[in-house]
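Got chain H sorted already, so can you dock chains F and W onto it with the hints?
Protein chains in written order, with the working numbering: chain H, 1 to 199; chain F, 200 to 341; chain W, 342 to 799.
Calculated directly from the structure, the hints in this document are not laboratory data. These numbers were taken from a predicted model, which means no experiment stands behind them. One should not assume that every hint holds.
To be verified - FRET-style restraints, in silico, Cβ to Cβ:
id, chain 1, residue 1, chain 2, residue 2, range
1, W, S493, F, S207, 21 to 27 Å
2, H, V159, W, I728, 53 to 59 Å
3, H, L34, F, S228, 44 to 50 Å
4, F, F221, H, T111, 21 to 27 Å
5, F, S329, H, A44, 54 to 60 Å
6, F, L222, W, R631, 35 to 41 Å
7, W, N627, F, L222, 31 to 37 Å
For glycine and all other residues, C-beta sits at the position ideal for the given N, C-alpha and C.
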Amino acid sequence: MTDTSLALDPAEMPSARRLPGDLAIWVFILAEMLAFAVFFASYAFARSKDVEMFNFYQQTLDRNAGAFNTLLLVTGSWFVVLAVQAAHRDDSRAAARRIGLGFLCGAGFLTVKVFEYAAKFGAGISLSTNTFYMFYISLTFFHFMHVILGMVILAILWVKTRQGAYGSRDAHGLESGAAYWHMVDLLWIVLFPLVYVMR
Amino acid sequence: MSGAFTKSMARNIFYGGTVFFFLLFLALSFDTHSQLPKRDMRQNITPQIAEGKKLWETNDCVGCHTLMGEGAYFAPELGNVVARYGDEGVKAFIKARPKEGIPGRRSMPQFNFTDAQLDALVAFLKHVNSVNDANWPPNIQG
Amino acid sequence: MQYKSQAVAKPYFIAAIGLFVAQILFGLILGLQYVIGDFLFPHIPFNVARMVHTNALIVWLLMGFMGGAYYMIPEEAETELFSPKLALAMFWIFLVAAALTVAGYLLVPYSTLAAMTGNDILETMGREFLEQPLITKVGIVIVALAFLFNISMTVLKGKKTSISLVLLLGLWGLAVFFLFSFYNPVNVVLDKFFWWWTVHLWVEGVWELILGAFLAFVLIKTTGVDREVIEKWLYVIVTLTLITGIIGTGHHYYWIGTPEYWQWWGSIFSALEPIPFFAMTVFAFNMVNRRRREHPNKAAVLWALGTGVMAFLGAGIWGFLHTLAPVNYYTHGTQITAAHGHMAFYGAYVMVNLTIISYAMPILRGRAANSNKSQVMEMWSFWLMTIAIVFITLFLTAAGILQVWLQRASDTPLPFMVAQDKIALFYWMREWTGVVFLIGLLVYVASFFVGGREEKAA
Numbered sequence: 001m002t003d004t005s006l007a008l009d010p011a012e013m014p015s016a017r018r019l020p021g022d023l024a025i026w027v028f029i030l031a032e033m034l035a036f037a038v039f040f041a042s043y044a045f046a047r048s049k050d051v052e053m054f055n056f057y058q059q060t061l062d063r064n065a066g067a068f069n070t071l072l073l074v075t076g077s078w079f080v081v082l083a084v085q086a087a088h089r090d091d092s093r094a095a096a097r098r099i100g101l102g103f104l105c106g107a108g109f110l111t112v113k114v115f116e117y118a119a120k121f122g123a124g125i126s127l128s129t130n131t132f133y134m135f136y137i138s139l140t141f142f143h144f145m146h147v148i149l150g151m152v153i154l155a156i157l158w159v160k161t162r163q164g165a166y167g168s169r170d171a172h173g174l175e176s177g178a179a180y181w182h183m184v185d186l187l188w189i190v191l192f193p194l195v196y197v198m199r
Numbered sequence: 200m201s202g203a204f205t206k207s208m209a210r211n212i213f214y215g216g217t218v219f220f221f222l223l224f225l226a227l228s229f230d231t232h233s234q235l236p237k238r239d240m241r242q243n244i245t246p247q248i249a250e251g252k253k254l255w256e257t258n259d260c261v262g263c264h265t266l267m268g269e270g271a272y273f274a275p276e277l278g279n280v281v282a283r284y285g286d287e288g289v290k291a292f293i294k295a296r297p298k299e300g301i302p303g304r305r306s307m308p309q310f311n312f313t314d315a316q317l318d319a320l321v322a323f324l325k326h327v328n329s330v331n332d333a334n335w336p337p338n339i340q341g
Numbered sequence: 342m343q344y345k346s347q348a349v350a351k352p353y354f355i356a357a358i359g360l361f362v363a364q365i366l367f368g369l370i371l372g373l374q375y376v377i378g379d380f381l382f383p384h385i386p387f388n389v390a391r392m393v394h395t396n397a398l399i400v401w402l403l404m405g406f407m408g409g410a411y412y413m414i415p416e417e418a419e420t421e422l423f424s425p426k427l428a429l430a431m432f433w434i435f436l437v438a439a440a441l442t443v444a445g446y447l448l449v450p451y452s453t454l455a456a457m458t459g460n461d462i463l464e465t466m467g468r469e470f471l472e473q474p475l476i477t478k479v480g481i482v483i484v485a486l487a488f489l490f491n492i493s494m495t496v497l498k499g500k501k502t503s504i505s506l507v508l509l510l511g512l513w514g515l516a517v518f519f520l521f522s523f524y525n526p527v528n529v530v531l532d533k534f535f536w537w538w539t540v541h542l543w544v545e546g547v548w549e550l551i552l553g554a555f556l557a558f559v560l561i562k563t564t565g566v567d568r569e570v571i572e573k574w575l576y577v578i579v580t581l582t583l584i585t586g587i588i589g590t591g592h593h594y595y596w597i598g599t600p601e602y603w604q605w606w607g608s609i610f611s612a613l614e615p616i617p618f619f620a621m622t623v624f625a626f627n628m629v630n631r632r633r634r635e636h637p638n639k640a641a642v643l644w645a646l647g648t649g650v651m652a653f654l655g656a657g658i659w660g661f662l663h664t665l666a667p668v669n670y671y672t673h674g675t676q677i678t679a680a681h682g683h684m685a686f687y688g689a690y691v692m693v694n695l696t697i698i699s700y701a702m703p704i705l706r707g708r709a710a711n712s713n714k715s716q717v718m719e720m721w722s723f724w725l726m727t728i729a730i731v732f733i734t735l736f737l738t739a740a741g742i743l744q745v746w747l748q749r750a751s752d753t754p755l756p757f758m759v760a761q762d763k764i765a766l767f768y769w770m771r772e773w774t775g776v777v778f779l780i781g782l783l784v785y786v787a788s789f790f791v792g793g794r795e796e797k798a799a
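Extracted from the complex, chain H is given alone in its bound form (with noise of 0.2 Å):
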């Protein structure tokens, strides 16, 4: 590696080849994806082998809660693309903002999420009714635990833009932040139509 190479700051590299957010992010997300794929491509799997009965219990669930949360989602993605923006402007009061309005869009998706588990495992239905059940809330559990995590980082995120963390010369900590929930978001959006619509 030459000495011209290390002494480009990332901020002057053209546009096209700067990766926002943090390389280990990357990484981390790239290996939450793969889970998630491994995991989709066991539900594929699965259900090849007993369609009907997938098909069947799929109508149990609650698509009109699960398309509003599809929607939340989205909107909080949106909010937090804002936020960088705004961070890039150095407007760390925006930034704030809308990192809050993401925050809640998240807070909305567990809510509705919390009273679809409580009608279910009301209904007696656990990892261990069938594999269809076994699959619906292993997916949704596990991407619901990723929501929590990406909240707590847009938690942490509000803060530290609150205090003026992030800024045109350096929004790397909330790009990095922002790459996460995009991903969170972008998980339900594969997997709201392969667990609930998809026949």
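Relative to the frame of chain H, chains F and W by itself:
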């Protein structure tokens, strides 16, 4: 390289990811505990079965045999041995082990169990056989 | 050596190698008993020899971890060890306890040993790998706590590097998860469930943090690559290890009475377990390729690279071979498991211990590296032992495949012992390869006694 990949970010992800997956593991373990009573036949555990388990342990049976596939691979699986040979067959086999072994062959030691001890061991092995272990082993030979 | 107190590592390393030799000798006895069933019977039955084999392994790996930590921590924290005296006292306690335990295994019947050592007070004995008498278990806890206290205090009073933190986390985890060995409910399913919290969360969890920290330390020292670079990759690798390995525990919960969703959770996450090992291999080779200096200790670098490759093969590839539930249904508890166990333990933990010993021992003996002659011998031992373990693994895998075929998959399954007789050829080949391994190990030991012109003190 500066800035695009920082140690503090890698460290935070390490701590966050570890806590996250450990909590997930705890959640699954919690669910397992609520489901186990339906599978592990704990309601049938008697003092005799407990005595059998203790004998199983204090003679280090797992040092040669497997039980539900776990242990050493020197001697047969015993999770289903009562189904394979019957109660009396198992007891007779244990009793009949020659003290000095069998020339050139693997042999179980002679443990000099009393009849009550043999009953306890068989009760334990029967209990293990009754556990719902997802239909393992694949066949009677274990 | 930079700090006087690092010298306490030396007895730990020597004892570790001594126990390693004992472990291999008993391994050869076991291998022979597989084909000559009455060998040493009834004086040393198979289960007794196996306890010595596995327990000696565990104790010497722990000795190596402790010695490695005592060597590394002062250098990382840039301060003398909190208490070298405590470290030495613990060494003797640990060694004597280990020796007494092995003597107990060999001299009295196991049930008598259990009665003599208070197993009736708290029944913990007779479970695979955790066969130690209650007093030995308590002793391990005391030694571990004193050790952790010692190195934690050292880190607290000195510099807190990332490598130290990862190592400390691994070692504390090791102590915490060992506590599950004291929990032995009458309910056999619960017993097995928590038994894995010690066994799996050790070898596929916290021990890998120790492994990563050792490897990172040796790579920094031998390659001269920037600490910052190595430490951040260390974090990435141990993150991958834990996010796959913790839920990966599920691959032990397929057939022991636990709910069947573990077949999915366990398969999915343990299928990803090779990734961190692959990352570790790439990492080790990358750092060595980017080296900024030529360290005179070539043998240590070889061990470090070997750790990456062999851990990936043994733990990663051979683990993956039988980790998916539909495959494991047939391979569970066969020689396939034994094949994986041998290569994984050698590739990951034996080799990382030999890496740190290879790096630290010459320095503890007052030189930067051993003489060329000694290093050549050490590298010979590397290849002899590594190639031997590869072939042991291959022969056991062949034996395992045949065993599964004859005893499990066949329409007319054969009884266990009939199947065993049919695969005896592979056990013979494994035994002879084991002899090669022993020769490699003896060459290794001999390399410590070879003189020649040495590199000057570091």
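- [ ] With 31 to 37 Å as the target window, see if W:N627 and F:L222 comply at their CB atoms.
- [x] 33 Å, holds
### Task
Look at the Cβ atoms of F:S329 and H:A44 and judge whether their distance stays inside 54 to 60 Å.
Because 36 Å falls outside the window, the suggested range is violated.
Q. Do the Cβ positions of W:S493 and F:S207 conform to the proposed distance bound of 21 to 27 Å?
A. At roughly 22 Å between Cβ atoms, F:S207 and W:S493 fall inside 21 to 27 Å, so the hint holds.
**Q.** Distance restraint hint 44 to 50 Å, applied to the beta-carbon atoms of H:L34 and F:S228
**A.** 24 Å, violated
Discussion item. For the hint 53 to 59 Å, verify it against the beta carbon of H:V159 and that of W:I728.
Written reply: Given range 53 to 59 Å: holds, Cβ gap about 56 Å.
_The hint says 35 to 41 Å between F:L222 and W:R631; measuring C-beta to C-beta, is that right?_
37 Å, holds
Next on the checklist: Does the beta carbon distance between F:F221 and H:T111 stay inside 21 to 27 Å, or does it fall outside?
Outcome noted: Cβ of F:F221 to Cβ of H:T111: about 25 Å, so the range 21 to 27 Å holds.
Checked against the numbered hints listed earlier, the structure breaks hints 3 and 5; every other hint is satisfied.
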